[in-house]
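Asks: The primary structure of each chain is shown beneath.
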Amino acid sequence: MTIPLLSLIVFTPAVGAAALMFIRNDDAVRWMALGVTILDFALCIAMLGGFDTSTHEMQFTETRPWVPALGITYTLGIDGISAPFVFLTALLGWICVLASWVAIDRKVKEFMVSLLAMQALMLGVFCALDLFLFYVFWEAMLIPMYLIIGVWGGDGRVYAAFKFFLYTLAGSLMFLIGVIVLYFHGGETFDIRTLMAQDLPFQVQSWLFFAFLIAFAVKVPMVPVHTWLPDAHVQAPTAGSIILAAVLLKMGAYGFLRFSLPMLPEATVHYSTLMLVLSAVAIVYGGLLALAQDDLKKLVAYSSISHMGLVTLGIFTLNLRGLEGGILQMFNHGVTTGALFLSVGLIYERTHTRSIADYGGLMKAAPVYTAFLALFALSSMALPGTNSFVGELLVLSGAFAANLAVGAAAVLGALLGAAYLLGMYRKVALGPVGIGVRFKIRDVNAREIAAILPLAVFVLWIGLYPKPFLEIIDASVKHLLAQVHGKGSAQ
Amino acid sequence: MTAAALFQSTLASLPEIVVVAGACILLILGQLMRKGQQQFLIWASIAVVVIAALGTLMLAGEVRPAYSGMFVADRFAVFFKVVFYLVTVLTFLLSRKYAEIEGIGSSEYYVLLLLALSGMMIMASATDLLSIYVGLELMVLCTYVLTGFLRQQQRSNEAALKYVILGGVSTGIFLYGVSLIYGLTGTTQLDGMAAAVTGDPLDPGLLLAVVFIVAGLVFKVGAVPFHMWVPDVYEGAPTTITAFMSVGPKAAGFAVILRVFLNPLVAASDVWIIVAVIAAVTMALGSFVALVQDNFKRLLAYSSIAHAGFAMFGVAAGGADGVASVMLYLLIYAFMNLGIFGIVIMMRNGDFSGEVIETYAGFAKSHRGLALLMLLYLFSLAGIPPTAGFFAKFYVLVALVERGFVMLAVIAVLLSAVAAYFYIRIVMVIYMREPEGAFDPALTPAVGATLAITAAGTIGIGLFPAWFLRLAQHAAIGG
Chain Z
731 MTIPLLSLIV FTPAVGAAAL MFIRNDDAVR WMALGVTILD FALCIAMLGG FDTSTHEMQF
791 TETRPWVPAL GITYTLGIDG ISAPFVFLTA LLGWICVLAS WVAIDRKVKE FMVSLLAMQA
851 LMLGVFCALD LFLFYVFWEA MLIPMYLIIG VWGGDGRVYA AFKFFLYTLA GSLMFLIGVI
911 VLYFHGGETF DIRTLMAQDL PFQVQSWLFF AFLIAFAVKV PMVPVHTWLP DAHVQAPTAG
971 SIILAAVLLK MGAYGFLRFS LPMLPEATVH YSTLMLVLSA VAIVYGGLLA LAQDDLKKLV
1031 AYSSISHMGL VTLGIFTLNL RGLEGGILQM FNHGVTTGAL FLSVGLIYER THTRSIADYG
1091 GLMKAAPVYT AFLALFALSS MALPGTNSFV GELLVLSGAF AANLAVGAAA VLGALLGAAY
1151 LLGMYRKVAL GPVGIGVRFK IRDVNAREIA AILPLAVFVL WIGLYPKPFL EIIDASVKHL
1211 LAQVHGKGSA Q
Chain V
120 MTAAALFQST LASLPEIVVV AGACILLILG QLMRKGQQQF LIWASIAVVV IAALGTLMLA
180 GEVRPAYSGM FVADRFAVFF KVVFYLVTVL TFLLSRKYAE IEGIGSSEYY VLLLLALSGM
240 MIMASATDLL SIYVGLELMV LCTYVLTGFL RQQQRSNEAA LKYVILGGVS TGIFLYGVSL
300 IYGLTGTTQL DGMAAAVTGD PLDPGLLLAV VFIVAGLVFK VGAVPFHMWV PDVYEGAPTT
360 ITAFMSVGPK AAGFAVILRV FLNPLVAASD VWIIVAVIAA VTMALGSFVA LVQDNFKRLL
420 AYSSIAHAGF AMFGVAAGGA DGVASVMLYL LIYAFMNLGI FGIVIMMRNG DFSGEVIETY
480 AGFAKSHRGL ALLMLLYLFS LAGIPPTAGF FAKFYVLVAL VERGFVMLAV IAVLLSAVAA
540 YFYIRIVMVI YMREPEGAFD PALTPAVGAT LAITAAGTIG IGLFPAWFLR LAQHAAIGG
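Residue numbers (the working numbering), protein chains in the order written: chain Z, 731 to 1221; chain V, 120 to 598.
In isolation and in its complexed conformation, chain V is listed as follows:
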């Protein structure tokens, strides 16, 4: 690699470098600081993310391939990175008070989140199966540890262990698919793969390899049949980490899925049938099982499975609109899901766990504003206009119908009618029941800021989707 190429590569990956370097510095600083100075760590972490975001936006002008075709900084990656920055900053804001209450506010917590962020960023930019693997592992290793951060709690430990074992298996499957691809095509680069295949794209060996890769990736977004870890991990992990995982790593998984699916090799192998089936089954399972959940976090876990299914429909649709619809869906989902998680996190105070739905009874009576926000997030998750959640679903449906998949669209909307039930059930509990006790939400300014940002996104994109839609469409074509 020449010096000029190295410079170009470094420039293209500057945001990633900033995040990793920032994480390393904060790790050392964190050890030198006395307890109770987490305030500084949070602001420093946010500063790191903001600097990286500035770098990303400044470099967003052109497509920059780097590291001999393993990495690219294009608009597609920029879109996802912006989602990741948003998710990470909001998670930091939500963590401040929650970490204090749960006693998990050591410096490692923030450093691991930053490292997970860098892993996600690499995933969004990776154009080689091996660099995808590196980003993926960097991200999941951090989330394994973060899941088990509530060391005193059995279920947190259990969740982390389950996550590690299942995650390890899925990574193995993914790597096996990569090795098959390498054996068949002699390359692991996404662009090179298609060119190397001259024969039948439906060659059984190739199909097997593609299925393995899809299986490994589908695990990360929590789609059926690789969803078993989601409810336990989401319930056991600290709620802030659950909030983070439900949007960040999920979006990163979709970034890779889209990148792989934009590849002509995969697109030619009729793999969309598999994806369509996965999407329908995922949505059905998530929606129906969520109906009977009493635990808020578990319900949101199944809800996130259902949403992954809906986004999968966009992947099945494919094409420029299909890709853009998935991207827009993930952006909107980040706002509304972090919003509702923000509420759950805020409610964790004193003896109140905030995890049992029934304990929210009559919440609207004493806290009108917060209840109204919950209403907003829940109706958005259910996909009722004029919230952003509706537009997200609408655009996926447009992409499906555009490609002629009307039946898939019908399945998608019928299942979302099922899913609407459990969201409006929560609305019922907070608005139509009498309160049994007083509520004492830990509404700090940081949490308030998070709620304000997410609410603005949820209602703003719903009413004025044009700009965001154009953003997603431009980024999708760039990928």
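Bound conformation, chain Z alone:
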């Protein structure tokens, strides 16, 4: 009997969350949550060790009947597109626990339970190969995330939590209708692989494309349905922001990759220009908004909109470089923006202010911390040698191949990125000592370094040697392109 590795990965955090409920001591809760997430990460490493990069087929698949009367199965599996995100989610799992170690000082147990539940559901989303199962994971995430923002967030947390919940719910429900329509058009099955092989009429594809677009655009988020994001990011606790930025936003883009492109290829090609324009708008508009922010978290939040615009841009170029760049950029954005939110969280724990004007001269007070901040800011603006450079270069070359004007807009976005990130770094780290750092600020301690160092390693690793990462996604992306352009004729 083979070990159901993916089920183990998905349900280890869930079992851990259930077990946590019976522990009374806050410290024990923290250590146990850390143990569970590290165990999960180890399982994930084991999974990657056995991952075959030469095939686009789903690997580690497992299937069990769930609701036979409606053709619903419990099917898990991963390919080169989902594997990086399973890994990213597992990596950020324990980083989030470390980031919440002292930041969360009340209702610790409830927080860790929510965090672990969230992690199980996110992993489930990336592993699910049954649309119904996917939807259950996708939608169930609303419950723990609503609590994480609403209970442990900042002053405006209730408003932000509601906004997040209702935006995402409204988007998801359209997706649900799309799923059911797809079910009846695709031969009464929810199996993703079977549905990918269907050849739907263009009319149906168009409707479904827009039904899916609503759901995924809210999650990405694309302009104009992005307004929940700054509120949610600013109000969420550090771990919540990291999860939101690093994993949740990826799910929208993942949705496009997993469903819209392979299942609705004709509609995708037909509406790709629209998507490119929307992405370009998000890049420039998000960048301009980030330029105008005086709140650290808001700045990073708006930069996320801009960077995710780059991701969707890469995806809808529908060429190899654009797609590979887009997917790599998804991973990079998870690492870099996750790290930026973590950095902001660390400094906020000390000063309790996020206003950029309150800072200045941080380099003198906390040199190690500032070095990390510099690295992540440079990574976010895609300096050569960092991870985002590789991804952004691929996306840009893909974009210019697809559409000159859109490519130009993307370059403008990159310039804006340099402007707001360097501006932020200058105001926070350099110059005279600001109000927020008037008092002595402790530099990062061992726990904080443990949380932030792995992300720094990935920033440099992908920046200097991206080959292993591109190898993982390569076969699957080629197959995906064949699905889009050649309607199923693989390679």
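Heads up, a few of these hints could be off.
What the hints assert, rightly or not - Computed far set for chain V versus chain Z, every beta-carbon distance over 12 angstroms: (1) S128; (2) T129; (3) A163; (4) D193; (5) V264; (6) G291; (7) A315; (8) D322; (9) N468; (10) T506; (11) V537; (12) A561; (13) A565.
To be verified - As a list, the in silico DSS-like pairs of lysine-lysine whose alpha-carbon atoms are at most 25 angstroms apart: (14) Z/K893 <-> V/K484; (15) V/K484 <-> Z/K837; (16) Z/K1197 <-> Z/K1208; (17) Z/K893 <-> Z/K837; (18) Z/K1094 <-> Z/K1197; (19) Z/K839 <-> V/K484.
Note that these hints are calculated values from the structure, not bench results.
No residue lacks a Cβ here, since even glycine has one placed at the ideal position from N, Cα and C.
We have chain Z; now place chain V onto it with these hints.
Replies: For chain V alone, coordinates are given in the frame of chain Z:
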């Protein structure tokens, strides 16, 4: 009627007979007992229901027509009766402490609930407009009285009076429709009606009759435009009775609606358009008005209107899946709604009325487990997976899309997004506010058992819906 036919009929209706006989015996016993011995009455009532349930399940093997085609014991009826038994037993369990606190624990309370149960059972089995009427009246007469059981309270009396008057009018409308049907077809039997019509199924007289019958039935499930009584009655009635009414009689109303709609005569007359409009308007009104409610019971009243609307969409979809989806919806709704009502009933203790939502602020801080249960019921009512409420809605949507009603499905989900707001607002109050005082819920073992059963149903059907789905599908085909 020959002796053999009489025996067969008696056998088919044995569960109903058990419940009515049990109610009569308990009525007499209740008068002989001294005050303060309600404990016995509750357990005896539960025993009656359990015996009836055993009888129902033992007779479930085959379809048994009885009383010259007025009554049938088929799988469709069995499914609904099981829902009724469940609802009634849970109501008994919830009533024990609540009745003591409110001082309404006389024997009549339990007897009337049993009689209402028998009325619902007859409704589920009735295959003739007149036997439907008998069951319907038996049920509503009992609920009229139970609504006014808080004799000292003005709003309880007001609620009962409103209920009686409006209910009476709706029954009149229903009977008028029945008389028209009889005039046009010469029969009141559901099967006979269709056969008797040879002309155009869209004959105006027939259509009028169908509309009247639909109107009478729609009143019982509290759908727009016959919903006016629901908020006042739900708010005024003892909370246990509100809990009962929001699931039991509502399910019975849907049983009759489905039975009538399975009838080819009605199915041919394009009445689904009316039902679809009713469903959309009902859901819209329930969802939007619930947004501004401060009173928990009133909010749940509007929520139950919204849920009736959603179930109505399943009726509009029709077909085997449509019928099964409504049945599954009602079963799941019974679990989650009794769960949340169980919490409200439990909170009624001492000076705490448990009716104002704001007074639940910070409940999660002192009562983690109970707050988690509330969270479960509320997210299930909102239809978020992996709870059962999601699967209930999902299956209705599947039935709608299967019949090509994609626009109706879109309307249904958009309105359920609106409805989600007021459920998660309660979650916000209990989790994201600071408590203003201590809570003292009347958590007796009976209430705890109710909460455990409802929670198990809400999460269990959500995670493993296959078995329940098959049950509903088999029962729907049997109808």
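Asks: Now look at each hint and say whether the structure bears it out.
Replies: Against the structure, the hints come out as follows:
Distance to chain Z confirms V/S128 as a non-interface residue, since its nearest Cβ pair spans about 34 angstroms, more than 12 angstroms. Residue-level check passed: V/T129 sits 36 angstroms from the nearest beta carbon of chain Z, beyond 12 angstroms. Interface exclusion of V/A163 from chain Z stands, the closest Cβ pair being 38 angstroms apart, more than 12 angstroms. The claim that V/D193 is not at the interface with chain Z holds, since no C-beta of that chain comes within 12 angstroms of its own (minimum 20 angstroms).
Interface exclusion of V/V264 from chain Z stands, the closest Cβ pair being 41 angstroms apart, more than 12 angstroms. Look at V/G291: its CB is around 40 angstroms from the nearest CB on chain Z, clear of 12 angstroms, so calling it non-interface holds up. At roughly 36 angstroms from the closest C-beta of chain Z, the C-beta of V/A315 stays outside 12 angstroms, upholding its exclusion from the interface. Chain Z leaves V/D322 outside its interface by the beta-carbon criterion, the shortest separation being 35 angstroms against a cut-off of 12 angstroms.
With a least beta-carbon separation of about 25 angstroms from chain Z, V/N468 lies farther than 12 angstroms from that chain, consistent with its non-interface assignment. Distance check for V/T506 against chain Z: the nearest CB is about 9 angstroms away, which does not clear 12 angstroms, and the non-interface claim fails. Distance to chain Z contradicts V/V537 as a non-interface residue, since its nearest Cβ pair spans about 9 angstroms, not more than 12 angstroms. With a least beta-carbon separation of about 24 angstroms from chain Z, V/A561 lies farther than 12 angstroms from that chain, consistent with its non-interface assignment.
The beta carbon of V/A565 is kept farther than 12 angstroms from every beta carbon of chain Z, the shortest such distance being approximately 25 angstroms. Pair hint Z/K893 plus V/K484 holds up; C-alpha atoms about 24 angstroms apart against a cutoff of 25 angstroms. Of the supplied pair hints, the one linking V/K484 and Z/K837 holds, its CA atoms being roughly 8 angstroms apart against a limit of 25 angstroms. Under the criterion of a C-alpha separation no larger than 25 angstroms, the hint pairing Z/K1197 with Z/K1208 is consistent with the structure, at around 16 angstroms.
Our distance criterion of 25 angstroms between C-alpha atoms is met by Z/K893 and Z/K837, whose separation comes to about 23 angstroms. Proposed proximity of Z/K1094 and Z/K1197 is contradicted: the alpha carbons are some 37 angstroms apart, above 25 angstroms. Only pairs whose Cα atoms come within 25 angstroms are accepted, and Z/K839 paired with V/K484 is accepted, the gap being roughly 12 angstroms.
Violated hints for the displayed structure, listed by number in ascending order: 10, 11 and 18.
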